[in-house]
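Undergrad: Now for the letters of each chain:
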Amino acid sequence: NAGVMQNPRHLVRRRGQEARLRCSPMKGHSHVYWYRQLPEEGLKFMVYLQKENIIDESGMPKERFSAEFPKEGPSILRIQQVVRGDSAAYFCASSPPAGGMETQYFGPGTRLLVL
Amino acid sequence: GENVEQHPSTLSVQEGDSAVIKCTYSDSASNYFPWYKQELGKRPQLIIDIRSNVGEKKDQRIAVTLNKTAKHFSLHITETQPEDSAVYFCAAHFGNEKLTFGTGTRLTIIP
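In the order they appear, the protein sequences are chains A and B. Under the numbering used here, the first residue of the first sequence carries the number 1, and numbering increases by one thereafter. Under the numbering used here, the first residue of the second sequence carries the number 1001, and numbering increases by one thereafter.
One or more of the hints may lead you astray.
Once the Cα atoms are required to be at most 25 Å apart in a straight line, the calculated DSS-like pairs of lysine-lysine come out as [as the list claims (entries may be wrong)]:
hint : chain 1 : residue 1 : chain 2 : residue 2
1    : B       : 1098      : A       : 51
2    : A       : 44        : B       : 1071
3    : B       : 1042      : A       : 27
4    : B       : 1071      : A       : 27
5    : B       : 1098      : A       : 62
6    : A       : 27        : B       : 1022
7    : B       : 1071      : A       : 51
Label pairs and their computed distance ranges (CB to CB) [stated by the list, open to error]:
hint : chain 1 : residue 1 : chain 2 : residue 2 : range
8    : B       : 1056      : A       : 20        : 38 to 46 Å
9    : A       : 52        : B       : 1110      : 22 to 30 Å
10   : B       : 1029      : A       : 16        : 26 to 34 Å
Since the hints were derived computationally from the structure, they do not count as laboratory data. Here the structure is a predicted model, which is why all the values come from computation and not from measurement. Idealized CB from N, CA, C, for every residue including glycine.
With these hints in hand, go ahead and build the complete structure from the sequences.
TA: Here is the structure:
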C-alpha cells in the first residue's frame, strides 16, 4: 500500500519561473491538503481540496499560487513567477473520505529552492 | 481565530528520563488532536492522536492527555531513547477539516 507520493522531491527554479508540485494521495483517499514549511518553522496550512473541488484555500496567497485536484491524476500546486521567499518545503497530506477527524498522512515533501 | 500554542520550543532530556510537551488551543469546538514527529529532512509522521471523547491515550512509551475544560493537551514520552530526538508538532482540528499546527518542539536526547 503505497503512501502519499510527491514529486519532484527537489526543485530548483530561477526567479520568475513557474513551479509545479505534484501530489498523489494514498489509495482510497480523496482529501488532499497542502502545507508549507519554512526552514526551522512549523507547518502552515495552504489549501484543502477534494476531487475537482477546492474546499478551503484560506492559507494560500491570493496571487501567483493555485491548486487543483482533477478527477484523474495527482493534485497540483502551482506557483507562478516564483520569488526567493517561495523557497520552502511543500508537503501534501491526504485523508480518507469519511470527513472530519480523520488522520492526515504526509508525503515526503518537495523542497523548492528559488535562485 | 484558530490558534495552537506549543511549549517548550526546545527540550533537552537525559536518556532514560521523561519528556513532556504541552499545547493549548483556542477553539473549544476542537475535537481531534494529533501529534507528529519530524526528523531532519523527513516528512511529519503521526505518532499518536486523541479525540475529544477520551482524556488519555497510551501507546507503549508515548501517551497523550487532553483537558477539554482547560483547552490543553500534552505529549509524554517515557524512557527516552536517542532515536526520540526530533521535532514534535502538536495540531488541532477545528471542525473544518484542516489542521492547525503548533510551532514545534525540538527534542534532544542526551546519551
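Undergrad: Would you mind marking each hint as holding or not holding in the structure?
TA: Results for each hint:
1. A distance of roughly 16 Å separates the Cα atoms of residue 1098/B and residue 51/A; the hinted pair therefore holds under the 25 Å criterion.
2. Distance hint between residue 44/A and residue 1071/B is fulfilled; the C-alpha atoms sit about 21 Å from each other, no more than 25 Å.
3. Taking the CA atoms of residue 1042/B and residue 27/A, the gap is near 21 Å; set against the 25 Å cutoff, the hint holds.
4. The straight-line distance between the Cα atoms of residue 1071/B and residue 27/A is roughly 34 Å, outside the 25 Å bound, and the hint therefore fails.
5. Distance check on the hinted pair: residue 1098/B and residue 62/A sit about 18 Å apart at the alpha-carbon level, within 25 Å; holds.
6. The hinted pair formed by residue 27/A and residue 1022/B fails the criterion: a straight-line CA distance of about 34 Å is larger than 25 Å.
7. Taken as a hint, the residue 1071/B and residue 51/A pair is broken in the structure, with Cα atoms around 34 Å apart against an allowance of 25 Å.
8. Evaluation of the 38 to 46 Å hint for residue 1056/B and residue 20/A yields a pass: the beta carbon distance comes to about 44 Å.
9. A hinted range of 22 to 30 Å is violated for the C-beta pair residue 52/A and residue 1110/B, which are about 51 Å apart.
10. Range check, residue 1029/B to residue 16/A: Cβ separation about 43 Å, and the 26 to 34 Å hint is violated.
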